[in-house]
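Enquirer: Read top to bottom, the protein sequences are chains A and B. Mapping to numbering that gives the first Met the number 0: the first sequence position 152 is 151, numbers consecutive. Mapping to numbering that gives the first Met the number 0: the second sequence position 35 is 34, numbers consecutive.
Hints in this document: simulated from the structure, not taken from any laboratory. There may be inaccurate statements among the hints.
[Said to hold, decoys possible] Once the Cα atoms are required to be at most 20 Å apart in a straight line, the calculated SDA-like pairs of lysine to any residue come out as:
#1 A:Lys-88 with B:Thr-253
#2 B:Lys-38 with B:Arg-259
#3 A:Lys-88 with B:Asn-254
#4 B:Lys-135 with B:Tyr-119
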Amino acid sequence: MGPHIVSAFDDDLIAVQAKISEMGGLAEELLSNALDAVETRDAELAQQVVEQDRRLNRLEMELEELATQVIALRQPMAQDLRVLLAAIKTGSTLERIGDLSKNIARRAIYLSKSRPVQLSSSIVRMGQMTLGALTEILDAHTSRDTELAVAIWRRDQEIDEVYNAIFREVVTYMMDDNRTIGLGSQLLFIAKNLERIGDLTTHIAENIYYIEQGEPLSDDRPKGDPIGLDIGI
Amino acid sequence: MKANDMTNMRMTDAQTQKREIKIAARDVDVFYGDTHAIKNVSVDIADNMVTAFIGPSGCGKSTFLRCLNRMNDTIDIARIEGRIEIDGEDIYAAAVDPVLLRARVGMVFQKPNPFPKSIYDNVAYGPRIHGLVNNKAELDDVVEQSLRRAAMWDEVKDRLDQPGTGLSGGQQQRLCIARAIATAPEVLLMDEPCSALDPIATAQIEELIDELRSNYSVVIVTHSMQQAARVSQRTAFFHLGTLVEYGETTQIFTNPEDQRTQDYITGRFG
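Next comes chain A alone, as it looks inside the complex (with noise of 0.2 Å):
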């Protein structure tokens, strides 16, 4: 699409999607971080991210008010009120993915205090899928790629069947061994952020679908059972 005939327009848009890509970075360094208090058993680093939340938080309310403005001022039509109604909805998604990082730190500073795992590595794992998707998919949300957007939102699916493997893994190590009952709950909850992180992932999927096809994604997208319920006991 070309520029609008009042540029101060498109600097208003520009500034949005500057925002979206502040907030983007930060979420993921506050992810990429979680995961590596939880890998090295890092309490201080941990402790970071839970301060680091906060300014996600403002962000998030700067990004709103930003794009209330915007629609108050310019009252945009087709692409562009797609684009900033996403832009809302996509701010509220990666502050959300930054309290699911924060309770990731929260359990790291608890595994840091208990004795190492063999089982965290496979959380890692894990935790490099979902973090690998999200960066993907702010990327995807950069460019406009719908097609990538796609791409990442049915191979969530993968993350929810990893996901599923870990709970069967912790389950059985639990009961061998109830001695660890109080870690692999931890370990279980941080599998759980890791599956939601990946679900909201989706959702920024779902909105830059939107802003470039005006219809939304259909609702049929390929699930695992992320509920962990197929385990056989």
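Since the structure of chain A is provided, determine the placement of chain B on it from the hints.
Expert: Same frame as chain A, but now just chain B:
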């Protein structure tokens, strides 16, 4: 406005589609001398609905509107080809008297143009010349009903003998609407009826348009996209004499199909 009214204002696609067709235009071309002003336009305009024509200046939207009550007949060099039917009847047929046609298809213009007569006589003019009433009592009744429908009876009922030109701009425009509906038309054409009015008077006219559609088929040409979005159920986008896109107003303004429509309504070309 109550939340409830907002939902009532918008009809679903299914509702707009089952409306009866009031005006059917087929393959209409208009020439002004050598200038090809309207190019092969076909459009169905539904009854009891507001249809908005939008597009940049010179796109042909006013020209096309003026074809619907043969106002272009008054321009010597204008030539119209194609077929326009109202209720299935060809309005360009030899047997049609354009003066009677214009009583059935009323028109309101950009600038309020009341006659230099009293408020009463402005409204009474049409019914008188067309012989629509038999006596003074009937005429009084038509004047009152028309002014009521134009939502200004209470404002002017005590000064019907005063000149229409003494009213405010918004009142003058509503007087012109009262004058247009006094001949009991079936279609009301409006050529930028609010462009000379302030926002309050504009809102009053828009409210009036929404009420008028229960009795008439209303076609409005407007330069204000927001106005088209607010008052119409269907929108037609004209560009360079062609009809680019025609559809549900909600669809045109949220997800237009044609790139040119998108560029125009989002302010990307003029």
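Enquirer: The structure should be examined with respect to each hint, and the outcome stated for every one.
Expert: To see whether the hints hold, each was checked on the structure:
1. A:Lys-88 with B:Thr-253: holds, 17 Å
2. B:Lys-38 with B:Arg-259: holds, 17 Å
3. A:Lys-88 with B:Asn-254: Holds. Lys-88 of chain A to Asn-254 of chain B sits at ~18 Å (cutoff 20 Å).
4. B:Lys-135 with B:Tyr-119: Holds. Lys-135 of chain B to Tyr-119 of chain B sits at ~12 Å (cutoff 20 Å).
In the structure shown, no violation is registered for any of the earlier numbered hints.
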